[in-house]
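Trainee: As a plain string of letters, each chain reads:
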Amino acid sequence: MLKKLNIKIKDFIHLKFFIFFCFSIFFLQSNNNFEYSSKIRKNFSYFTNKIYIISAFPSLAYKNIYSYLEYKISLIKKNEKLQNKTLIQSGIIQQIPGLIEENNKLKKLLDSNNFYELHKITLAERIPVNLSTYSNKILINIGLNKNISLRQVVIDNNAILGQISEVNKNYSTVTLISSPDHALLAINARTNKKIIVHGSGDNKKLLGKYVPFNEDIINGDILISSGLDNIFPAGYLIGVVTKIKRDKSEDYINLQIKPYALLDDINKILVLSK
Amino acid sequence: MKIKIHITAVIVLFLTLLIFLIPIPDFIVNYKPQLILLVLIYWTLNFPDEINISYAFIIGALSDIILITPLGQHILTYISAIYFAKIFNKPLNNNYDRNISIILILTPYFISSILVIHFLKISYFNVIEILISIMTSILIWPFVHKLLEFVHRKYIK
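Residue numbers (our numbering), protein chains in the order written: chain A, 1 to 274; chain B, 1 to 157.
Hints in this document: simulated from the structure, not taken from any laboratory.
Wrong hints could be hidden among the right ones.
[What the hints assert, rightly or not] Derived, one-sided and incomplete: chain B residues facing chain A with beta-carbon distance under 8 angstroms: (1) Ile22; (2) Leu71; (3) Ile79; (4) Lys86; (5) Ile103; (6) Leu104; (7) Ile111; (8) Ile114; (9) Val116.
Owing to the predicted nature of the structure, the values given are computational and were not obtained by experimental measurement.
C-beta atoms are modelled at their ideal positions from N, C-alpha and C, and glycine is treated no differently.
In isolation and in its complexed conformation, chain A is listed as follows (with noise of 0.2 angstroms):
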């Protein structure tokens, strides 16, 4: 059959394969929490940068292009909407002050420590660059240029958006709470039991794992973050249980969450920092 296929060997093609297949799972051998890969990207960071620069271009046209050709009319409408909001949103801060001495009160009387954190927000954009399908990551467009660290965390305008995992001197990885390396802790908003919300790889669902079997829960369930992880702070927004899954034969409860961020649809977001 060979003879009739007709194949030589040359070139050492045979050996130059097995050395690169050698190499390549060494690569993925030795690539423990992508430290190995970080490391090589950001020697490269400069020259990849570039080419997101590049690839960026044709979309931020068309995004360029949309804007100015906008009908006034929609404009309009689209600020009058925005000023409602607005206004909508300082009339809830205005109750910030009295609520905060309330909690300061209430503190003082059950003698507890602070739970809830200020943070230092930063206003990025995302680069808009199509990634690898099964890396559930995303290019934003500020790095060590503002101060921007390892794992400092990123939320969009409704809820939790992931954590930064790459930093390079234009840009950092944000890695989304979809992506399946991911895990967080959360609490039930309803209950204030603890919750691991892990990433499913699809950015329409996230999952809920090693949730006793006779815990008290039901779909509708608001998840906050539990800032017990030192990770994420405490009370911001996750995601809302969608489906209970009980399988008798085995002890704990599968729940499936929508995540309140839009992981799908992201344009500017804000890194939180302490």
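Position chain B against the provided structure of chain A, taking the given hints into account.
Mentor: Using the frame of chain A, we list chain B on its own:
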């Protein structure tokens, strides 16, 4: 002539990488064709002496760096497909139509993808999504081939 081939191949591969990064709607993102691999296969089938497995290694490493995947993921899948394309280059060119050849060349790509996912322990891994991505690559191949043939004729011959 040889330098011309290398320069054209490098420029085309670089442009493909840029095109591959352009955002596409989320619902088709999992099924996008493996453009970079298709371009690599075209050059390997046409210039087996010039475009060798080292190209696959370098392009794979570059893809891993730019697409933020663990180092080795693209290297392994690309070298497997190009190795197959290279050792079966003559029989593929003589006995089969290019549209059939691509199916055979993408088979080791599929197998190595499964191997990579096994190494990375990706629990949500979906074989069907990879298969659909290969199907879209096969569907897009005639167009990629025609376009690259045009570039090939214009700048190399």
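Trainee: Could you tell me which of the hints above the structure violates, numbers in ascending order?
Mentor: 5, 6, 7 and 8
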